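For the record, the sequence lines run as chains A and B. Quick note on my numbering: the first sequence kicks off at 1 and runs consecutively. Quick note on my numbering: the second sequence kicks off at 1 and runs consecutively.
Hints were generated in silico from the structure; no laboratory data involved. Here the structure is a predicted model, which is why all the values come from computation and not from measurement. Some hints could be false.
Said to hold, decoys possible - Partial selection, computed: residues in chain B whose CB lies under 10 angstroms from chain A:
1. Ile22
2. Thr23
3. Val30
4. Ile32
5. Leu36
6. Trp127
7. Leu131
8. Arg133
9. Ile144
10. Phe145
11. Gly274
12. Leu277
13. Gly288
14. Leu320
15. Ile323
16. Gly324
From the three backbone atoms N, C-alpha and C, an ideal C-beta is built for every residue, glycine too.
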Amino acid sequence: MAITNTPVALTAADEPAPVVRRRRIGQSFRQPAVVAGIIVLVVFALAALFAPLLSPSDPLVQQVINGLQPPSASHLMGTDKLGRDIFSRMLYGTRISLLVGVGVVAIAAGLGTLLGLVAGYAGGLADELVMRITDIFFAFPALILAMAIAAALGPNLRNALIAIAAVTWPVYARLIRGQVLSLKEREFVLAARSIGVPRWRIILRHLLPNALAPLLVQSTFDLGAAITAVAGLSFIGFGAQPPTPEWGVMISEGRNYLATQWWLATFPALGILLVVAGFNLLGDGLRDALDPRLRK
Amino acid sequence: MARFLIRRLAGLVLVLAGVSVITFALTQVVPIDPALAALGQNAREDQIQAFRHAYGLDRPPVQQYISYIGRLLHGNFGLSIRTRRPVADDLRDYMPATIELSLAAMGVSLLLGISLGIVAAVQHNGWVDGLARIFALVGGSLPIFFLGLLVLALFYTKLRWLPGPGRLDPYLTPPPRVTGMYTIDSLLARNGPTLRSSLLHLVLPALTLGYFSTAVLLRMTRSAMLEVLQQDYVRTARAKGLRGSVVLLRHALKNSMIPVLTTIGVTFGSLLSGAVLTETIFAWPGLGRYATASAVSLDFPAVMGVTLVSAVVYPVVNLLVDIGYHVLDPRIGVG
Numbered sequence: 001m002a003i004t005n006t007p008v009a010l011t012a013a014d015e016p017a018p019v020v021r022r023r024r025i026g027q028s029f030r031q032p033a034v035v036a037g038i039i040v041l042v043v044f045a046l047a048a049l050f051a052p053l054l055s056p057s058d059p060l061v062q063q064v065i066n067g068l069q070p071p072s073a074s075h076l077m078g079t080d081k082l083g084r085d086i087f088s089r090m091l092y093g094t095r096i097s098l099l100v101g102v103g104v105v106a107i108a109a110g111l112g113t114l115l116g117l118v119a120g121y122a123g124g125l126a127d128e129l130v131m132r133i134t135d136i137f138f139a140f141p142a143l144i145l146a147m148a149i150a151a152a153l154g155p156n157l158r159n160a161l162i163a164i165a166a167v168t169w170p171v172y173a174r175l176i177r178g179q180v181l182s183l184k185e186r187e188f189v190l191a192a193r194s195i196g197v198p199r200w201r202i203i204l205r206h207l208l209p210n211a212l213a214p215l216l217v218q219s220t221f222d223l224g225a226a227i228t229a230v231a232g233l234s235f236i237g238f239g240a241q242p243p244t245p246e247w248g249v250m251i252s253e254g255r256n257y258l259a260t261q262w263w264l265a266t267f268p269a270l271g272i273l274l275v276v277a278g279f280n281l282l283g284d285g286l287r288d289a290l291d292p293r294l295r296k
Numbered sequence: 001m002a003r004f005l006i007r008r009l010a011g012l013v014l015v016l017a018g019v020s021v022i023t024f025a026l027t028q029v030v031p032i033d034p035a036l037a038a039l040g041q042n043a044r045e046d047q048i049q050a051f052r053h054a055y056g057l058d059r060p061p062v063q064q065y066i067s068y069i070g071r072l073l074h075g076n077f078g079l080s081i082r083t084r085r086p087v088a089d090d091l092r093d094y095m096p097a098t099i100e101l102s103l104a105a106m107g108v109s110l111l112l113g114i115s116l117g118i119v120a121a122v123q124h125n126g127w128v129d130g131l132a133r134i135f136a137l138v139g140g141s142l143p144i145f146f147l148g149l150l151v152l153a154l155f156y157t158k159l160r161w162l163p164g165p166g167r168l169d170p171y172l173t174p175p176p177r178v179t180g181m182y183t184i185d186s187l188l189a190r191n192g193p194t195l196r197s198s199l200l201h202l203v204l205p206a207l208t209l210g211y212f213s214t215a216v217l218l219r220m221t222r223s224a225m226l227e228v229l230q231q232d233y234v235r236t237a238r239a240k241g242l243r244g245s246v247v248l249l250r251h252a253l254k255n256s257m258i259p260v261l262t263t264i265g266v267t268f269g270s271l272l273s274g275a276v277l278t279e280t281i282f283a284w285p286g287l288g289r290y291a292t293a294s295a296v297s298l299d300f301p302a303v304m305g306v307t308l309v310s311a312v313v314y315p316v317v318n319l320l321v322d323i324g325y326h327v328l329d330p331r332i333g334v335g
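Given only the sequences and the hints, what does the whole structure look like? Please build it.
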C-alpha cells in the first residue's frame with residue numbers, strides 16, 4: 001500500500017528567493033528521471049482527455065464471441081472474458097484514475113490546509129484539538145479505516161474517493177501547521193499585524209502563498225498514492241463496481257487469468273505503475289528544486 | 001524514562017478513545033440496516049426486533065457507545081454479527097497469522113532494504129546503484145495486489161516452486177496452539193513437516209507485503225549512508241588505515257540508522273494496510289481478511305475490534321522507535 005502518513009520535510013524558513021527557486025526548478029526539470037516522469041504523465045493526461053476519440057470501441061460493449069483474445073492489430077491490448085476491448089477500457093480507466101487522484105488530493109489538501117492554517121495561526125486549544133485529531137487518524141491503518149468508511153457509505157467510486165481523502169487530510173494539516181508556525185513569527189507577518197491587517201487577510205495573503213511549496217510536493221506524491229489506494233479499494237470490492245473500466249476493477253476481473261491470459265490484469269497494473277512512477281519522479285524533482293537541503 | 005512512558009501511554013489511551021469514537025460514528029451512518037443485512041430481506045419483523053435488541057441496536061447511539069466502552073474495559077469487544085462469536089475470540093484466532101506475516105515481511109524488508117541500500121551507496125552511480133534505484137521506484141509505484149497475483153501466478157501456478165494460498169499444506173494438521181504463529185508453534189512442537197510447510201507458505205506473502213517497505217528502506221538507507229560517508233570522521237577513519245568493511249559497518253552504518261529507524265516506524269504502520277490486500281490474495285486467515293469479510297457484511301462490532309487493535313500498533317511501534325533512537329545515539333534523550 002502506497003499511502004504513507006509522512007509529510008515531506010520542507011520548512012518555510014528555508015524558502016529560497018523566487019529567482020533562485022526558479023533556477024533550481026529549471027535545473028531539476030532537466031534531470032532525465034524527472035523529464036521521463038513528466039513525459040509519462042503528459043501521455044496519460046492526453047489519453048484521458050481524448051479517450052472518446054482514441055478508443056476503438058465502447059469500453060462497456062460486450063462481444064462474448066471475441067472473449068479472451070490476445071493482443072493483436074485489431075485489439076491492441078486484447079479482450080477480456082466478455083469480449084470488451086481492453087485498450088478502450090484502459091483509456092477510460094486513465095480518465096477515472098486521474099480524476100480520482102485529483103479529487104482525493106483536492107479534498108484532502110483543502111480540508112487539511114484549512115485546519116492546518118487554523119491550528120498554526122490560532123494556537124492554543126484549537127491547535128491542540130486539531131493535532132490530537134490528526135494523531136487519532138495517524139493511528140488508523142489507512143486502508144482499514146478507508147474500507148470501514150467505504151463500507152459504511154456504500155461501495156462505489158465516489159465513496160472510495162471520500163474514504164481515501166478522509167485518511168489523507170491529516171498529513172496536510174500537519175504540514176501547513178508547521179509552515180504557519182515558522183512563518184507567523186517572520187518579519188513580514190509581524191509587520192502586517194502591526195499595521196492592523198485583519199487576521200483572515202494575513203492568513204490568505206501572507207501565510208498561505210508562502211506555505212504552498214511543500215503542499216505542492218506532498219500533493220504530487222499523494223496523487224500517485226491516491227490512485228493506488230482507490231484501485232486497491234476497488235480490487236477488494238469497496239470502490240468502483242463492475243463494469244466500470246477502473247484499473248483496480250480490471251485487475252480484479254483478470255486475477256484468475258494471470259497465468260494464462262496475462263493481458264487482462266497486466267495492462268491496468270502497468271497503467272498504475274507508470275502513472276504512479278510518473279508522479280513520484282515529478283515529486284522528487286519538485287522536492288529537489290524546492291528544498292535545498294534534500295538536493296542530491 | 002518512567003515519566004516518558006507514562007506520558008506516551010496516556011497519549012495512547014486518548015488516541016484509542018478517539019479511534020473508538022470515529023469507528024462508532026461510522027456505525028451510525030450506515031445506510032443499510034445491519035439487522036436486515038444479517039438476517040436477509042425476508043426476515044420477519046419480530047426476528048428483526050429480536051436481533052436489534054440482542055445487539056443493542058434499539059438503544060440511543062450515546063447509550064450504545066457508553067455500554068460499548070464499558071464492555072471494552074472488561075476486554076469484551078461484543079458479538080460478531082457475521083461469525084456469531086465474541087469478537088475478542090475472533091481477534092485472538094486471526095491476529096497471530098497477521099503478526100507472523102507482518103514480522104516475516106518486516107524481516108525481508110530489513111534484510112534486503114538495508115543491505116541493498118548500503119551496496120548502492122558504496123557503489124554510488126554504479127550499475128548496482130542504478131538497479132537499486134529502479135527497484136525502489138518500481139517498489140513505490142507497483143500496486144501490491146498485482147505483485148501478489150504476479151508472484152502467485154509465476155512461482156505457484158507456472159513454476160510450482162512454492163506453495164499457493166493458505167498457511168499450511170491441506171494434508172497437514174496445524175501444530176498445537178501456543179503463540180498461534182505456525183512457524184514458532186511447529187518449532188516448539190518439534191514438528192519438521194509443519195515447520196517446513198509453514199515457512200514455505202510464508203515466502204510469497206511475506207515477499208509481497210515486504211516489497212513496498214523494502215523499496216522505502218532501500219531509498220532511505222542509501223541516502224543516509226551517502227550523507228554519512230561524506231563526513232569528516234569517516235574520512236579520518238579511512239585515513240588512519242582502517243579496513244573498508246570496518247569503516248562501513250562500525251562507523252558509518254550506526255550513524256546512518258537514525259533516519260532508517262524513523263522509516264521502519266512509518267512503514268510498519270503501512271504493513272497493516274498492505275496486509276488487507278495481501279491476505280485477500282493469499283487467502284491468509286489474518287486480521288486483514290477478517291476485516292474485509294466483516295466490512296462486506298457490515299459487521300461493525302468486528303470492524304471496530306480490528307480498528308481498535310490495529311490502532312494500538314502504530315503508537316506502540318513509534319514508542320519503540322523513540323527508545324531505539326536513544327539506544328543508537330545516547331545523546332538523543334527520550335521524551
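Each hint tested on the structure:
Using the Cβ-Cβ criterion of 10 angstroms, the hint placing Ile22/B at the interface with chain A is satisfied: the shortest such distance is roughly 7 angstroms. The criterion of a C-beta within 10 angstroms of any C-beta in chain A is met by Thr23/B, whose closest approach is roughly 7 angstroms, and the hint holds. The beta carbon of Val30/B comes within 5 angstroms of a beta carbon in chain A, closer than 10 angstroms, and the hint placing it at the interface holds. Residue-level restraint check for Ile32/B holds (minimum Cβ-Cβ distance to chain A is 8 angstroms; threshold 10 angstroms).
Interface hint at Leu36/B: violated, since its Cβ lies 14 angstroms from the closest Cβ of chain A, which is beyond the 10 angstroms cut-off. Residue-level restraint check for Trp127/B is violated (minimum Cβ-Cβ distance to chain A is 16 angstroms; threshold 10 angstroms). Evaluation of the Leu131/B hint against chain A yields a violated restraint, the C-beta minimum of about 14 angstroms exceeding 10 angstroms. Interface hint at Arg133/B: satisfied, since its Cβ lies 8 angstroms from the closest Cβ of chain A, which is below the 10 angstroms cut-off.
Here the hint on Ile144/B is kept, as its CB sits about 6 angstroms from the closest CB of chain A, short of 10 angstroms. Because the closest C-beta pair between Phe145/B and chain A is about 5 angstroms apart, less than 10 angstroms, the hint holds. Interface restraint check for Gly274/B: the shortest CB-CB distance to chain A comes to about 4 angstroms, inside 10 angstroms, so the restraint holds. For Leu277/B, the suggested interface contact is upheld, since its CB lies about 6 angstroms from the closest CB of chain A, less than 10 angstroms.
The beta carbon of Gly288/B comes within 8 angstroms of a beta carbon in chain A, closer than 10 angstroms, and the hint placing it at the interface holds. Of the supplied interface hints, the one on Leu320/B is violated, with its beta-carbon coming no nearer than about 15 angstroms to a beta-carbon of chain A, more than 10 angstroms. At a threshold of 10 angstroms, the smallest CB-CB gap from Ile323/B to chain A is about 18 angstroms, leaving the interface hint violated. Given the 10 angstroms rule on beta carbons, the hint for Gly324/B is violated: about 17 angstroms separates it from the nearest Cβ of chain A.
Hints 5, 6, 7, 14, 15, 16 from the list above are not met by this structure, while the remaining hints are.
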